[in-house]
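For the sequence shown, our numbering gives the first residue as 1, with consecutive numbering after it.
Just so you know, these hints were derived from the structure itself, not from any lab.
Some hints here could point you the wrong way.
Derived DEER-like restraints, expressed as beta-carbon distance ranges [claimed, not checked]: (1) Ile158 / Gln9: 32 to 42 Å; (2) Phe24 / Asn4: 36 to 46 Å; (3) Gly97 / Glu39: 37 to 47 Å; (4) Glu39 / Arg189: 17 to 27 Å; (5) Arg206 / Lys162: 30 to 40 Å; (6) Arg166 / Tyr30: 26 to 36 Å; (7) Arg14 / Ala210: 26 to 36 Å; (8) Glu31 / Lys152: 26 to 36 Å; (9) Arg14 / Arg189: 30 to 40 Å; (10) Gly159 / Ser2: 34 to 44 Å; (11) Gly159 / Arg195: 31 to 41 Å; (12) Arg111 / Arg14: 15 to 25 Å.
Straight-line distance between alpha carbons at most 30 Å, and here's what the computed DSS-like set of lysine-lysine pairs gives [unchecked claim]: (13) Lys162 / Lys94; (14) Lys94 / Lys151; (15) Lys162 / Lys193; (16) Lys151 / Lys193; (17) Lys131 / Lys193; (18) Lys94 / Lys152; (19) Lys193 / Lys152; (20) Lys94 / Lys193; (21) Lys161 / Lys131; (22) Lys151 / Lys161; (23) Lys151 / Lys131; (24) Lys94 / Lys161; (25) Lys162 / Lys152; (26) Lys162 / Lys151; (27) Lys94 / Lys131.
Note that the structure is predicted; figures quoted are calculated from it, not measured.
Ideal Cβ positions, reconstructed from N, Cα and C, are used throughout, including at glycine.
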Amino acid sequence: MSLNLRYMQLSDIRQVAAIDVICFEPPWPYESYTFEINESNVSHMVVLDRQSDRPPPMPERPQSLRSRLRGRLRAKERPRYNTGDILGYGGLWKIEGEAHISTIAIHPENRGLGYGEILLAGMFGKAVQLKAEFIVLEVRVSNTVAQALYKKYGFNRIGRKKNYYRADNEDAWDMRVALDRDTRHRFERLYQKLRLQHGFSDAYSRSPRARG
Numbered sequence: 001m002s003l004n005l006r007y008m009q010l011s012d013i014r015q016v017a018a019i020d021v022i023c024f025e026p027p028w029p030y031e032s033y034t035f036e037i038n039e040s041n042v043s044h045m046v047v048l049d050r051q052s053d054r055p056p057p058m059p060e061r062p063q064s065l066r067s068r069l070r071g072r073l074r075a076k077e078r079p080r081y082n083t084g085d086i087l088g089y090g091g092l093w094k095i096e097g098e099a100h101i102s103t104i105a106i107h108p109e110n111r112g113l114g115y116g117e118i119l120l121a122g123m124f125g126k127a128v129q130l131k132a133e134f135i136v137l138e139v140r141v142s143n144t145v146a147q148a149l150y151k152k153y154g155f156n157r158i159g160r161k162k163n164y165y166r167a168d169n170e171d172a173w174d175m176r177v178a179l180d181r182d183t184r185h186r187f188e189r190l191y192q193k194l195r196l197q198h199g200f201s202d203a204y205s206r207s208p209r210a211r212g
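Full structure from sequences and hints, please.
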């Protein structure tokens, strides 16, 4: 199995929306993803997926009806071989000199494996490629795990947004990092170490925007 960081496509929305519903209240409307992918001029949506390295099966020779029925029964007993799971997703807006991480989420079943850091690094790299001057994001004051990850990449708290999350009125920390020369060099070291650790491909952070 291989990990792939790439631009979000319309065909990904069903899986992305399913993760969104689990992770956020309220979730984004389905139509918002369509807009972000196909219409927005400032949005750079990303997914991390897991693909099978096994080649597709060769076409089978014609079989008798009995053989086909026997094969179908056996197939029902075998687990399905998943060839394209979306593990998580993120969103980055680039408006003038600011890159804003609008959303980031990993399916609960896949947390604690470093996938969130891969997504963050991908969006960080995209902000660098787009020549942003700084990156901003909001995070729940109670989400200390995410805050530790952001601090690893140089983010600092600059303010507190009261009642930012509508579902429960929890406050958010406003965090940001300036993309100066030292920060970019430090990020490059973190990024290369992360790629060695997880062996993921990256068709997002240094690639042109893809639509559809």
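Against the structure, the hints:
1. Isoleucine 158 and glutamine 9 have their C-beta atoms about 34 Å apart, which keeps the hinted 32 to 42 Å range intact.
2. Distance hint check: the CB atoms of phenylalanine 24 and asparagine 4 are about 24 Å apart, inconsistent with the given range 36 to 46 Å.
3. Roughly 23 Å separates the CB atoms of glycine 97 and glutamate 39, a value that falls outside the hinted 37 to 47 Å.
4. The hinted range of 17 to 27 Å is not satisfied by glutamate 39 and arginine 189, whose Cβ atoms lie roughly 36 Å apart.
5. For arginine 206 and lysine 162, the Cβ-Cβ distance of about 38 Å falls inside the hinted range of 30 to 40 Å, so the restraint holds.
6. Here the CB-CB span from arginine 166 to tyrosine 30 is close to 19 Å, at odds with the stated 26 to 36 Å.
7. Checked against the given bound of 26 to 36 Å, the beta carbons of arginine 14 and alanine 210, roughly 18 Å apart, lie outside it.
8. With their beta carbons about 35 Å apart, glutamate 31 and lysine 152 fall inside the hinted range of 26 to 36 Å.
9. Between arginine 14 and arginine 189 the beta carbons are some 37 Å apart, a value that agrees with the proposed interval 30 to 40 Å.
10. Look at glycine 159 against serine 2: about 40 Å separates their beta carbons, and that is inside 34 to 44 Å.
11. The hinted range of 31 to 41 Å is satisfied by glycine 159 and arginine 195, whose Cβ atoms lie roughly 33 Å apart.
12. For arginine 111 and arginine 14, the hinted distance range of 15 to 25 Å is satisfied, since their beta carbons lie about 21 Å from each other.
13. Note on lysine 162 and lysine 94: the hinted pairing holds, with a Cα-Cα distance of about 24 Å set against a maximum of 30 Å.
14. The suggested pairing of lysine 94 with lysine 151 holds, with an alpha-carbon distance near 21 Å, which does not exceed 30 Å.
15. Of the supplied pair hints, the one linking lysine 162 and lysine 193 is violated, its CA atoms being roughly 36 Å apart against a limit of 30 Å.
16. Restraint check for lysine 151 and lysine 193: satisfied, since their Cα atoms lie roughly 17 Å apart, inside the 30 Å limit.
17. Pair hint lysine 131 plus lysine 193 holds up; C-alpha atoms about 22 Å apart against a cutoff of 30 Å.
18. Annotation: proposed proximity of lysine 94 to lysine 152 holds, straight-line Cα distance about 22 Å (limit 30 Å).
19. Under the criterion of a C-alpha separation no larger than 30 Å, the hint pairing lysine 193 with lysine 152 is consistent with the structure, at around 13 Å.
20. Under the criterion of a C-alpha separation no larger than 30 Å, the hint pairing lysine 94 with lysine 193 is consistent with the structure, at around 26 Å.
21. Taken as a hint, the lysine 161 and lysine 131 pair is honoured in the structure, with Cα atoms around 27 Å apart against an allowance of 30 Å.
22. Restraint check: the Cα-Cα separation between lysine 151 and lysine 161 comes to about 18 Å, which is no more than 30 Å; the hinted pair holds.
23. Between lysine 151 and lysine 131, the direct Cα distance comes to roughly 21 Å. Compliance with the 30 Å bound is thereby established for this hinted pair.
24. Restraint check: the Cα-Cα separation between lysine 94 and lysine 161 comes to about 21 Å, which is no more than 30 Å; the hinted pair holds.
25. At most 30 Å may separate the alpha-carbon atoms for a hinted pair to count; lysine 162 and lysine 152 meet this at roughly 25 Å.
26. Taking the CA atoms of lysine 162 and lysine 151, the gap is about 21 Å. The hint holds against a cut of 30 Å.
27. Using a Cα cut-off of 30 Å, the hinted pair lysine 94 and lysine 131 holds, with the two alpha carbons roughly 9 Å apart.
In the structure shown, a violation is registered for the earlier hints numbered 2, 3, 4, 6, 7 and 15, in ascending order.
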